[in-house]
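Participant: Each chain, written out:
There are 2 protein chains.
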Amino acid sequence: MRPIDALVNSLPDARVLTDPDVIDSYARDRTFLEPGKPLGVVLAASRDDVVTTLRWASEHRVPVVPRGAGTGLAGASVAGDGAVILSLHKMTAIRELSPADEIAVVEPGVITADLDRAAREHGLMYAPDPSSYEISTIGGNLATNAGGLRCVKYGVTRDSALGLEVVLADGRILNTGRRTMKGVTGYDLTGLFVGSEGTLGVITAATVRLRRAPAAPPATFAAEFGSLRDAGAAVSAIMAAGCQPSLMELLDRASLEAIDDWRNIGLEATTQAMLIGQSDATDGQATAERMERICMENGASFVAVSSSPQETEELIGLRRMAYQAKERLGACLVEDVCVPRSVLPDMITAIEAAAARHGVKICTVAHAGDGNLHPVFIFEHGMVEPPPEVWAAADEVFTHALELGGTLTGEHGVGLLKQRWLAMESGPVAAEVQRGIKAVFDPLGILNPGKAI
Amino acid sequence: MRPIDALVNSLPDARVLTDPDVIDSYARDRTFLEPGKPLGVVLAASRDDVVTTLRWASEHRVPVVPRGAGTGLAGASVAGDGAVILSLHKMTAIRELSPADEIAVVEPGVITADLDRAAREHGLMYAPDPSSYEISTIGGNLATNAGGLRCVKYGVTRDSALGLEVVLADGRILNTGRRTMKGVTGYDLTGLFVGSEGTLGVITAATVRLRRAPAAPPATFAAEFGSLRDAGAAVSAIMAAGCQPSLMELLDRASLEAIDDWRNIGLEATTQAMLIGQSDATDGQATAERMERICMENGASFVAVSSSPQETEELIGLRRMAYQAKERLGACLVEDVCVPRSVLPDMITAIEAAAARHGVKICTVAHAGDGNLHPVFIFEHGMVEPPPEVWAAADEVFTHALELGGTLTGEHGVGLLKQRWLAMESGPVAAEVQRGIKAVFDPLGILNPGKAI
Chain V
459 MRPIDALVNS LPDARVLTDP DVIDSYARDR TFLEPGKPLG VVLAASRDDV
509 VTTLRWASEH RVPVVPRGAG TGLAGASVAG DGAVILSLHK MTAIRELSPA
559 DEIAVVEPGV ITADLDRAAR EHGLMYAPDP SSYEISTIGG NLATNAGGLR
609 CVKYGVTRDS ALGLEVVLAD GRILNTGRRT MKGVTGYDLT GLFVGSEGTL
659 GVITAATVRL RRAPAAPPAT FAAEFGSLRD AGAAVSAIMA AGCQPSLMEL
709 LDRASLEAID DWRNIGLEAT TQAMLIGQSD ATDGQATAER MERICMENGA
759 SFVAVSSSPQ ETEELIGLRR MAYQAKERLG ACLVEDVCVP RSVLPDMITA
809 IEAAAARHGV KICTVAHAGD GNLHPVFIFE HGMVEPPPEV WAAADEVFTH
859 ALELGGTLTG EHGVGLLKQR WLAMESGPVA AEVQRGIKAV FDPLGILNPG
909 KAI
Chain S
459 MRPIDALVNS LPDARVLTDP DVIDSYARDR TFLEPGKPLG VVLAASRDDV
509 VTTLRWASEH RVPVVPRGAG TGLAGASVAG DGAVILSLHK MTAIRELSPA
559 DEIAVVEPGV ITADLDRAAR EHGLMYAPDP SSYEISTIGG NLATNAGGLR
609 CVKYGVTRDS ALGLEVVLAD GRILNTGRRT MKGVTGYDLT GLFVGSEGTL
659 GVITAATVRL RRAPAAPPAT FAAEFGSLRD AGAAVSAIMA AGCQPSLMEL
709 LDRASLEAID DWRNIGLEAT TQAMLIGQSD ATDGQATAER MERICMENGA
759 SFVAVSSSPQ ETEELIGLRR MAYQAKERLG ACLVEDVCVP RSVLPDMITA
809 IEAAAARHGV KICTVAHAGD GNLHPVFIFE HGMVEPPPEV WAAADEVFTH
859 ALELGGTLTG EHGVGLLKQR WLAMESGPVA AEVQRGIKAV FDPLGILNPG
909 KAI
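Protein sequences, first through last, are from chains V and S. Going by our numbering, the first residue of the first sequence is number 459, and it counts up by one from there. Going by our numbering, the first residue of the second sequence is number 459, and it counts up by one from there.
Any given hint could turn out to be false.
[Claimed, not checked] Heads up, incomplete: computed chain V residues facing chain S, CB under 7 Å, no partners named:
#1 Val-792
#2 Cys-796
#3 Glu-847
#4 Gly-868
#5 Val-898
Just so you know, these hints were derived from the structure itself, not from any lab. Every residue, glycine too, gets a C-beta built ideally from N, C-alpha and C.
Next up, chain V with everything else stripped away, as it sits in the complex (with noise of 0.2 Å):
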């Protein structure tokens, strides 16, 4: 009998997929990356699912896959020969939300956004908002401590997690956390296995912290600018005057004349730049026009403050067909450096010095007010991979991005796309502890391997 006829007999019907057309299609991302040949995909209903799994990994040493909605962007979720990959979108119940505690505990395949809704009806809101979050799933931000647009005012998926039910790679369980806002019993593996991708254990559950909702619709103005460093100015006198966005987000004019050959947004010659911010506390209406007048005092070419939820709408609207106007352009490298702010517009510089240079497409927004950037490198459609040129573009970039003091990566994670630039960062004795810390709860080696660290 074969390893994975055994995995089949020791899960209920239908959990084990073995169609190699299927398996494909659980073996990718949202990234260029060829997965190779896995054995099957598990489609976990339960934790027994998971601990049955991982323990007939352990015995047989097949490496394991975990996966959400293969939302990522940096490989961490693309399975290899021989893996079994274990997905957890099935797994969605959402067990408990305490409006009196301000906490819920889900499963791992709940979609962020539905979350965040029923919160709502409770007057609360999950604040962790990667731009996919209406497709992507908790288990999956949470394996890659995923960031967003609000993160500017409430922090990122590690900052709303309490709490973590975990399997071990020998099928023990691990309960990490707390249901406490505060609670500093023994060392954080809560915030360990945040951003682990998977190499560590896999989610079963999560307590996650909610918060009030604002109790009006966010204010919001959007502001042109005629060049780069005049928003880069802006962004940094808004932070400066205290205003505290709720979302901060620059376009360069690279991505607005993509979004503009799409849907005629009539872009202006001059402008280089745009930027669009929100306020959501209670004094919004005012804070947006403070941040208009700062807009002006920086050289904005225009600036207008919405008036309606629907003109609101169309400004994130923009925002939002960001990345799909570029994939009309050319096969998609993205990429995610993170700056101090103070340094945003001499990174914008250094991308667009890079792309000069090398003679690549390079369209870059950033979620300004965290000076995390993703500028996004196009190459020719029906490419396996970026050409030479756009990886020595990349390099270039990342290059800078440390050298500014900033890091590889502020929200997709490093997975297997940034695995080549990561000693860089990291250097060799983080790499050592962080090599020793995955074999305490790995030791064999199968959970994920070859992502993350």
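We have chain V; now place chain S onto it with these hints.
Facilitator: Below, chain S without anything else, positioned relative to chain V:
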């Protein structure tokens, strides 16, 4: 040559103290716990001193007890026989303070309130404010993941820690984290070190997040209640109304009596609890008045919003004098349970029941907005350790906290004091993986043995 002489010889002059009386004064924290007989005290002035000390300690297998200002309340810096105490309190440089990036790079001996004051010169603040913040150090705050009064709004020390420079047990330097607001390269080593009580490495520098300071002083209210349950309900209602207080403290009757006994505050016979709250929002005065109304609706017998800075100072002073007032009553075992906010009244009831059943005086103050209670068990001055009835009452309090979904320690840490209850909360799997993590960083077990995990 004794091992300690080799250390004296390898460090600059006067770095090592070996006078037994002096050693004893460095071997204690603010608990009643009696230290052993350590070999000496290193007054580290630089990272190099820390490296030298740890290399020597590894070579000679000498336990090292790192220490900030010794204000801990769980015994984490109480030193045992044959240990070397490594005091970081002379490393007081603020290496960098960047208003534009809202970060500071500080050495571990910086007094927490000094960093806050330095930040305020630039319109910023360092948010974590343990009650000890005028005398405790950033290093000690990081080692214990200290909370404080403002953390109901701004989070605990971990939420402000972006990156660390750490000397490992063998003298290697590990840099964790980053200077950016977001970042997901590798495992969260920064979060792992925060709260690890010096058992994984010695922090020699930290990059911390600063925040915009509120434009105006906070608005403050105080409310008196005839029942603790009403006070607890008011806390829940205030949080549920989205008031987002920047401080929300509860004092029980026993605490108020101790203060009244000392300072004659005119305590009414019917007052069972007092709530003190603040809002530092731009609409703080209106929010304080809203919280005042909610207290009235929840049965407060008296409520007032402070009309002057002096009055505010008096109200907050009441809270600050709670611990000293208790120390007049006897020796103190200070505990630190944290429960989900909705069961705060149940927890207070359980504390009162334990006090009555075991005939022990317990005074409780709480960071009520976080569900974090400090029941202080009073016993006779001069006793070396708490009598059996105090331990029995404490045991009952801890058991109830866990039954209510809470934790043994919200912000003080495990240290030595909570070792006897630790297994009840963590369970065997978490204990085992924590020992595994400890062994990765400190295979010889020389770093603060017997603490934290």
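Participant: Now tell me, hint by hint, if it's right for this structure.
Facilitator: These are the hints, each one checked on the structure:
1. This hint is violated: Val-792 of chain V has a C-beta 14 Å from the nearest C-beta of chain S, more than the 7 Å allowed.
2. The interface hint given for Cys-796 of chain V is met, as the beta carbon of that residue sits about 4 Å from the closest beta carbon of chain S, less than 7 Å.
3. This hint is violated: Glu-847 of chain V has a C-beta 25 Å from the nearest C-beta of chain S, more than the 7 Å allowed.
4. Satisfaction of the interface hint for Gly-868 of chain V is found here, the shortest Cβ-Cβ separation to chain S being roughly 4 Å, below the 7 Å cut-off.
5. At a threshold of 7 Å, the smallest CB-CB gap from Val-898 of chain V to chain S is about 4 Å, leaving the interface hint in force.
The structure fails hints 1, 3 (numbered hints given earlier, in ascending order).
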